[in-house]
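Let chain A serve as the given structure and place chain B on it in line with the hints.
2 protein chains.
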Amino acid sequence: MSESGDPRPIGVFDSGLGGLTAVRELFRVLPGESVAYFGDTARVPYGSKSRETVTRFSLEIARFLMRQDIKCLLVACNTASSYALETLKRRFEIPVVGVIDPAAGVAVTGGGRGAPVAGGSPPPRIGVIGTQATVASGAYARALAQLAPGTTVVSRACPLFVPLIEEGWLDHPVLRQVAEEYLGGLRAERLDGLILGCTHYPLIAPLLQDIIGPGVRLIDSGAEAALATAGLLRRRGLLAGADQAPQHHFYLSDERLDFERVARAFLGRELPPTAIVDQTDLPWFERSIPH
Amino acid sequence: MSESGDPRPIGVFDSGLGGLTAVRELFRVLPGESVAYFGDTARVPYGSKSRETVTRFSLEIARFLMRQDIKCLLVACNTASSYALETLKRRFEIPVVGVIDPAAGVAVTGGGRGAPVAGGSPPPRIGVIGTQATVASGAYARALAQLAPGTTVVSRACPLFVPLIEEGWLDHPVLRQVAEEYLGGLRAERLDGLILGCTHYPLIAPLLQDIIGPGVRLIDSGAEAALATAGLLRRRGLLAGADQAPQHHFYLSDERLDFERVARAFLGRELPPTAIVDQTDLPWFERSIPH
Numbered sequence: 000m001s002e003s004g005d006p007r008p009i010g011v012f013d014s015g016l017g018g019l020t021a022v023r024e025l026f027r028v029l030p031g032e033s034v035a036y037f038g039d040t041a042r043v044p045y046g047s048k049s050r051e052t053v054t055r056f057s058l059e060i061a062r063f064l065m066r067q068d069i070k071c072l073l074v075a076c077n078t079a080s081s082y083a084l085e086t087l088k089r090r091f092e093i094p095v096v097g098v099i100d101p102a103a104g105v106a107v108t109g110g111g112r113g114a115p116v117a118g119g120s121p122p123p124r125i126g127v128i129g130t131q132a133t134v135a136s137g138a139y140a141r142a143l144a145q146l147a148p149g150t151t152v153v154s155r156a157c158p159l160f161v162p163l164i165e166e167g168w169l170d171h172p173v174l175r176q177v178a179e180e181y182l183g184g185l186r187a188e189r190l191d192g193l194i195l196g197c198t199h200y201p202l203i204a205p206l207l208q209d210i211i212g213p214g215v216r217l218i219d220s221g222a223e224a225a226l227a228t229a230g231l232l233r234r235r236g237l238l239a240g241a242d243q244a245p246q247h248h249f250y251l252s253d254e255r256l257d258f259e260r261v262a263r264a265f266l267g268r269e270l271p272p273t274a275i276v277d278q279t280d281l282p283w284f285e286r287s288i289p290h
Numbered sequence: 000m001s002e003s004g005d006p007r008p009i010g011v012f013d014s015g016l017g018g019l020t021a022v023r024e025l026f027r028v029l030p031g032e033s034v035a036y037f038g039d040t041a042r043v044p045y046g047s048k049s050r051e052t053v054t055r056f057s058l059e060i061a062r063f064l065m066r067q068d069i070k071c072l073l074v075a076c077n078t079a080s081s082y083a084l085e086t087l088k089r090r091f092e093i094p095v096v097g098v099i100d101p102a103a104g105v106a107v108t109g110g111g112r113g114a115p116v117a118g119g120s121p122p123p124r125i126g127v128i129g130t131q132a133t134v135a136s137g138a139y140a141r142a143l144a145q146l147a148p149g150t151t152v153v154s155r156a157c158p159l160f161v162p163l164i165e166e167g168w169l170d171h172p173v174l175r176q177v178a179e180e181y182l183g184g185l186r187a188e189r190l191d192g193l194i195l196g197c198t199h200y201p202l203i204a205p206l207l208q209d210i211i212g213p214g215v216r217l218i219d220s221g222a223e224a225a226l227a228t229a230g231l232l233r234r235r236g237l238l239a240g241a242d243q244a245p246q247h248h249f250y251l252s253d254e255r256l257d258f259e260r261v262a263r264a265f266l267g268r269e270l271p272p273t274a275i276v277d278q279t280d281l282p283w284f285e286r287s288i289p290h
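Protein chains in written order, with numbering that gives the first Met the number 0: chain A, 0 to 290; chain B, 0 to 290.
Here chain A stands alone, though its shape is the one from the complex:
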């Protein structure tokens, strides 16, 4: 690291474009940092796939981002964080941050942007929503139990949220009906917080809040992971210097017709000047197709 800070980019990956909600928070809290983002649009979604497959995909992507000389890796995908985080941490020397621990920490301690839980209060009651894989992995339940033994965890897989959000039906009555079906039963659980365990869900946060009730704090796992990444870079003296303009690179494993629309929805603004690279040099793209 030079005196002018560490100019290397923060690596971020997700199964698709949902991880841009974490990038949005990185841009907000660390406007001087460069980001190298990878979205695995050729193999999205991960949420219905196995631990072995998600781990293999995650390792391939991490190796690709390592070749872009990243200084840390933010695993924005909840499914990849649930299944592959320990493997990634063992395999790479740079710091690796997942979405599970930061969100779980905020849920039980009121850290981050939330109000702290009062000492002596009963153990918290936390809801977790996510993909089938994230819920089946039990990763949030384990993290919550470790951070605050006695925490009650109520998990619910919501596999239709992602396709509905990707279809852009954010204001469609069908989305409300599906959300009511998934979450209506959670109202009786008297939750303190609800972890949005998928980076797509912040786009429907107002609807979720409406259904779960105003007393339940929503925790945005991607945003909390971005804040945790910022804290880690500060503590380790890895922030970029103020004298350099950030340079962002966005890589996708497959082109998407509606990329601009979806990216804008997740990022909350136009993409900054950037390189969109389809068909990257991941190993499976090196093979050519003879015609």
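It is possible that part of the hints are untrue.
[Stated by the list, open to error] If you anchor each label on the Cβ, the simulated ranges turn out as follows:
{"no.": "1", "chain 1": "B", "residue 1": "Q176", "chain 2": "A", "residue 2": "G31", "range": "44 to 52 Å"}
{"no.": "2", "chain 1": "B", "residue 1": "A204", "chain 2": "A", "residue 2": "T151", "range": "38 to 46 Å"}
{"no.": "3", "chain 1": "A", "residue 1": "M65", "chain 2": "B", "residue 2": "D242", "range": "57 to 65 Å"}
{"no.": "4", "chain 1": "A", "residue 1": "R141", "chain 2": "B", "residue 2": "Q208", "range": "43 to 51 Å"}
{"no.": "5", "chain 1": "B", "residue 1": "G240", "chain 2": "A", "residue 2": "P172", "range": "54 to 62 Å"}
{"no.": "6", "chain 1": "A", "residue 1": "P30", "chain 2": "B", "residue 2": "E269", "range": "53 to 61 Å"}
{"no.": "7", "chain 1": "B", "residue 1": "R66", "chain 2": "A", "residue 2": "P148", "range": "47 to 55 Å"}
{"no.": "8", "chain 1": "B", "residue 1": "D170", "chain 2": "A", "residue 2": "M65", "range": "44 to 52 Å"}
{"no.": "9", "chain 1": "B", "residue 1": "V153", "chain 2": "A", "residue 2": "R234", "range": "54 to 62 Å"}
{"no.": "10", "chain 1": "B", "residue 1": "D209", "chain 2": "A", "residue 2": "P245", "range": "52 to 60 Å"}
To be clear, the hints were calculated from the coordinates, so they are not data collected in a lab. None of the values given here were measured: they were computed from a predicted structure. All C-beta atoms, glycine included, are put in the ideal place defined by N, C-alpha and C.
Same frame as chain A, now just chain B:
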């Protein structure tokens, strides 16, 4: 081919398990034939991905099935048939059958199991529903225009049907609401036939018929492709002999927790005695993950 017929299996592939609706028809019309089925559950779905990516995946799978010594290849996936069929036909010597032409043929000629269109009647009006990729490719529109110039084609992408069917919400009011949203506008089109351009859709055929109206003939693309495959094997003398018991093999690129339930829904019965092989020897599964 020996006097006792050609015992080699019929190769079938799909992006996932939907292609089992075509296998169901193969089992019905060719009970003596062996089937080697590949479902790309690690990279499903194909319907939102690009031509290049879908073609690459299709070639990898076709090469895998060729190593299982198949005598013909049925491309049960509508997206793969739309994007990759010509490439597959050029690359392999065995007969390759897609779902587009058989379904289009039945739609405009009344061939197969339908009633023939009377001579001198006005050109048919055909609806096509499928994934975003199948509709965007224009494959059905081209096939229909070639078979019956003057045919009116009305296409509609229905990306939420697959996740709803996979979630098992077949009798849920949300499915009817989504179907009404997608297809309600087609009622005014006075269609003669509606091509179900995705192997998932036969599972919701009664609902689709109810919404589109009783006068519109539904055409099951997977079943029609199976019938076309049977006809091709008969014409070329490639049927298996009556003295051999069929042996089926089912390969998946990733395990699925709910495989049995979903497979039963598509196949209409329990899977026959078979080898379910997860993590097959496709190229990308040969790499090991160091832990």
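Kindly confirm whether 47 to 55 Å is satisfied by the beta carbon distance between R66 of chain B and P148 of chain A. Since the Cβ atoms of R66 of chain B and P148 of chain A sit about 53 Å apart, the hinted range of 47 to 55 Å holds.
Given a hinted range of 54 to 62 Å, is it respected by the beta-carbon distance of G240 of chain B and P172 of chain A? holds, 57 Å
Should the hint that M65 of chain A and D242 of chain B are 57 to 65 Å apart at their CB atoms be regarded as holding? holds, 58 Å
Evaluate the given range 54 to 62 Å for the C-beta pair formed by V153 of chain B and R234 of chain A. holds, 60 Å
Please check whether R141 of chain A and Q208 of chain B have a Cβ separation lying inside 43 to 51 Å. holds, 47 Å
For D209 of chain B and P245 of chain A, compare the CB-CB distance with the range 52 to 60 Å and indicate the outcome. Between D209 of chain B and P245 of chain A, where Cβ atoms are some 55 Å apart, the hint holds.
Can you let me know if the beta-carbon spacing of A204 of chain B and T151 of chain A is within 38 to 46 Å? holds, 44 Å
Note whether the CB distance of P30 of chain A and E269 of chain B lies within 53 to 61 Å or breaks it. holds, 58 Å
Hint check for M65 of chain A and D170 of chain B - Cβ pair distance inside 44 to 52 Å: holds, 48 Å
Between Q176 of chain B and G31 of chain A, does the beta-carbon spacing fit 44 to 52 Å? Given about 47 Å between the Cβ atoms, the range holds.
In this structure, none of the earlier numbered hints is contradicted; all agree with it.
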